[in-house]
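First to last, the protein sequences are chains B and H. For the first sequence, my numbering assigns the number 142 to the initial residue and increments by one for each residue that follows. For the second sequence, my numbering assigns the number 15 to the initial residue and increments by one for each residue that follows.
Keep in mind that the hints were calculated from the coordinates and are not lab data. The beta-carbon is built from N, C-alpha and C at its ideal position, and this holds for glycine as well. Some clues are possibly wrong.
Unchecked claim - On the chain B side, residues computed to face chain H include the following (Cβ under 7 Å):
1. T168
2. E174
3. M191
4. I194
5. N195
6. L223
7. T231
8. L251
9. A253
10. K255
11. M270
12. G271
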Amino acid sequence: MKIFKFVMGMLIMGWFALDGMAQQPLTAMQIMEKVYNRPDGNEMEARLSMILINSRGNQRVREIKQYIKDFGDVEKRIMFFLKPADVRNTAFMNWSYKHSDKDDDQWIYLPALKKIKRISSDSKGDYFMGSDFTYDDLGDRKPEEDRHRILREEVLDGESCYVIESIPLESDYMYSRTVTWIVKDKWIGLKKEFYDEDGDHLKTLRIKKYEKIKGYWIILETEMHNVQKNHTTIMRLSDVQIDAGIPANIFTERMMRRGMR
Amino acid sequence: MIHWIDQLLNKPLRALLILLGISAVFFVTMRNNSRMETDLDKYMPQNHPAFIYSNQAEDWFDIKDGIIIALENPQGIYHPTTLRKVKDLTRKLQKMPEIEKNDVTSLYTADNIVGTEDGLDVKSFYRRVPESDEALNNLREKVRANEMVYGRLVSRDETVTIIIARVGDDTFSQEFYHRLKALVKEYEGPEKVYIAGRPIVEGTMAYLGPKDMKRMVPIVIGVIILVLYLVLRNVRSTLLTLLVVVFSVIWTFGLMALLEVPIYAVSTMIPVMLIAIGVADGIHLFSHLYLFLKENPQATKKEAVVDMIREMWRPVVMTSVTTAVGFVSLVTSQVYPIKYFGLFTAFGVLVAMLFSLVFIPAGIMLLGLPRPHKKIEDVDEDREADLFAHKFAEGIARKKWITFLAVHAVVLFSIIGMNRVWINSSFLEKFEKDSEIVQTDRFINSHFGGTNTLNVILEGDEEDTFKQPAVLTEMVRMQEAVQHQLPVVGNSFSLGDYLKRMNKVMHADSARYERIPDSQNLIAQYLLLYEMSGDPENLWQVVTEDYQKANITFQLKSDNSRALKKAIAVIESFRPRFEEQGIQINYAGSGYKALVFTDLILEGQITSLLLSLVIVIALLALMFRSFTVGLIGAVPIILTAMISFGVMGLLNIPLSTTTALISSIAVGIGIDYAVHFIERYRIYARQTESKVETIKLTMHHSGRAIIFNALVVIAGFLVLLFSVFPPNRVLGALVSLNMFTSFLGTITIMFLLLYVTNMYFKTPKETIINKEDKS
């Protein structure tokens, strides 16, 4: 009898829940949470090409080997420069603390100096390695930090998308608002427009390539275009391995010194 | 000819109405379409290699002029209210639409690259305004330890701090200038707030110059009217002569508006030229008319006017055409505003001619003959004046050596002076020494590296040139040499300064390491590190992203051309060493462009002055059918120009765009005087065949008109000596001087040369043959 009640209750609840799903479309916040929570593996090992293109069309290319591993409370990332030759084996390590206000820990190893130095930055608004991405653009911004609103639904690159406007709750954030095109069912932000403090269009992010690897949607190529400075950064991943087992001791100063051999 | 005069004199109203109708059309176009050109870049020839390069470099490195706002607190700037003002003012400036956020640098925005025991930090000096003594002391220590900020943003005595706002050439407007001044004023007290920098100096000049002119011009015109009346002694003649000038100015500016040629700063010299030249025709016409009436008191209106036109059209046309051709020679200049100045002044001179020959006769026919108001004593005065003129002419002829000696002395002094003439592209030195703007500039210069900048662009032949230790070391050595040798260069800034700072910081702040690292890899790694932790935008102001080109900014305490040229000379001494490494040196920035521009103007001005002189001699020779007369006629022009430049050299007045153009007056006025004088001399020589009579009559007729003309213009322009804006004072003095020397040269040395060469006392043919045989 107890079991019957429980099963009945579950069925009723489930029916209501299903009904709710069918009748009520997702809220903007729910969509953003789905994007935020989209699983993409705990570990990634890849080769990153960072291509910086200035307003005159001149290109600079950096080749980087990177490892990222999620340890729960902390996400660790280590990068080894392969090219250009004069910075080969320069290593950069970043520990990002997810559940506290603690600033990221950052280290750099300069092989010419044979020294590891800690570096720190005042704000997350700093640009990542002189690219058009800020640290904040790379990290996932928590959905509850913004107020979201569905502007419309439209088709982009053959995918039907939600177009969502996000306005930060924080008053002096570096962007006054962002607009994101989110692919339904895949929960990938295909395109994002950033507006500066004055409300002027500042940057556009485009996802150029993504693939399903080990059951996860992995973004392989992104392009950030700063429309005000006419400067572009392309980040391209290759030789991507997901959850292939990265040893924890890779994220150490010892490894930074050792470099890529 | 006679038919034309008849037509005019029988239907004067028709001629008048046609002229007034056209004037009205020009006036309306002038009112509706005139446009001032305020962008200084538009003045420069954009296809000149120096400008092309500079503009490119400005684009590569985002070179802009800096507005400098200084806050002074005698108790020291490490005080919460002062630091709050720095923060607030910085943020207000960043929010101005004309200023980009990244272009404002102050203690609040500056990056503090610091070394710690175990690392490197790029931090701001403060976010929240420090209140406690401890926090203030902490900030003080941070600043003292950072040589990229100490002495650059905060003075070494710690009583002044500056905020630098960089603005593009095209964004600066009068409205922005006033808004900026108002904003800065809000922060005054107890701290003193100063505002300086090239955009402010240019802005103040663009504001003060015309404002002063607006005040002075009515007075100038008033004085000219008054003196014109005293000379002509008749309201109608005064009015008609003046209207000739007014209409020629309206037609000229009307035509400019019609052809959509904007009004440039030098275009304001056009009315100056037209006043000086335009009144001449009227004065000569009326002077002749009065003499005719005196000799023929019973003559009818028509007879008098017919005689006036018959006798005077030739010199009026000759003077105007030669003057116009002289101005047209300015089209050889590479600078468009000067070309336009030449062409439109020439047009204005021809319009003045047209009006003199049509408007004045028509006016007389309509308004009646002007009878000069004369009292009985005036007749005596007149006679006395005639007597003086005769005596003067006789004296000149008898004691020739005085004139010749004087001319030689003047030529000698002028040559000495001309050798001392120097060109100054400085804007600041156009202001009064005790003016607010000059004092502010001096104050900031005494505390910081300098309010003016010179950009030196080094360009390597391959990528990563500016990661090479040898190249960077040479660059730093050049910076040190320039700063060390020239006290006027207070500071410099380059990629080298970043690397020195980084190297020091990465070695636990050890001063030993404040130098360029020895390894290219380390340099590359430092730069990568800076890109990762600092603001790479700052880096791209000193080097291009491919590290092939670098920009060194020198700070100068003066925008004077001599200071700039000295700095360039020291930099040039490094050229061979850089060339060995495949590196080219070039220059950029608005100070440098102004320097090149001024040189260009003067070069053009001097060649066109010489060209116009040749043309004038040829035209005079053609008109009077004698090469000797051409040469004699050119003597006052040459003397006037020489004296003008000589006086400038001796009085240490530097050449600038306006002062150089004033020498054009020498040509315009010189020709007028020479032609009128020679024409009369020729006529009287034929009539009297007596040298003594000829000189008396010529002095009486032309000499009189010439002195009247000189008097009117000199009196008018002397008014400008009371101007509050120094360049306008110099303008007044030089125009007056040129009028005076032209006048004096004509009635002394030119007259004497005519006299001693026995010109017009043999048959002209003989003279030509004789002279040509000699030469």
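Tested hints:
For the restraint placing T168/B at the interface with chain H, the shortest Cβ-Cβ distance is roughly 35 Å, beyond the 7 Å limit, so the hint is violated. Interface restraint check: E174/B against chain H, minimum CB-CB distance 32 Å, threshold 7 Å, status violated. For M191/B, the interface hint is violated, since its Cβ never comes within 7 Å of a Cβ in chain H; the closest pair sits about 11 Å apart. Evaluation of the I194/B hint against chain H yields a violated restraint, the C-beta minimum of about 10 Å exceeding 7 Å.
For N195/B, the interface hint holds, since its Cβ comes within 7 Å of a Cβ in chain H; the closest pair sits about 6 Å apart. Interface restraint check for L223/B: the shortest CB-CB distance to chain H comes to about 13 Å, outside 7 Å, so the restraint is violated. With 7 Å as the threshold, the beta carbon of T231/B comes within range of chain H, its nearest partner Cβ sitting at about 5 Å, so the hint holds. Taking 7 Å as the C-beta contact cut-off toward chain H, the hint placing L251/B at the interface holds, the least distance being around 4 Å.
Satisfaction of the interface hint for A253/B is found here, the shortest Cβ-Cβ separation to chain H being roughly 4 Å, below the 7 Å cut-off. This hint is violated: K255/B has a C-beta 10 Å from the nearest C-beta of chain H, more than the 7 Å allowed. Hint on M270/B holds. Least Cβ distance to chain H is approximately 5 Å, under the 7 Å limit. The closest approach between the C-beta of G271/B and any C-beta of chain H is roughly 4 Å, which is under the 7 Å cut-off, so the hint is satisfied.
In summary, the structure is inconsistent with hints 1, 2, 3, 4, 6 and 10 from the numbered list given earlier, while agreeing with the others.
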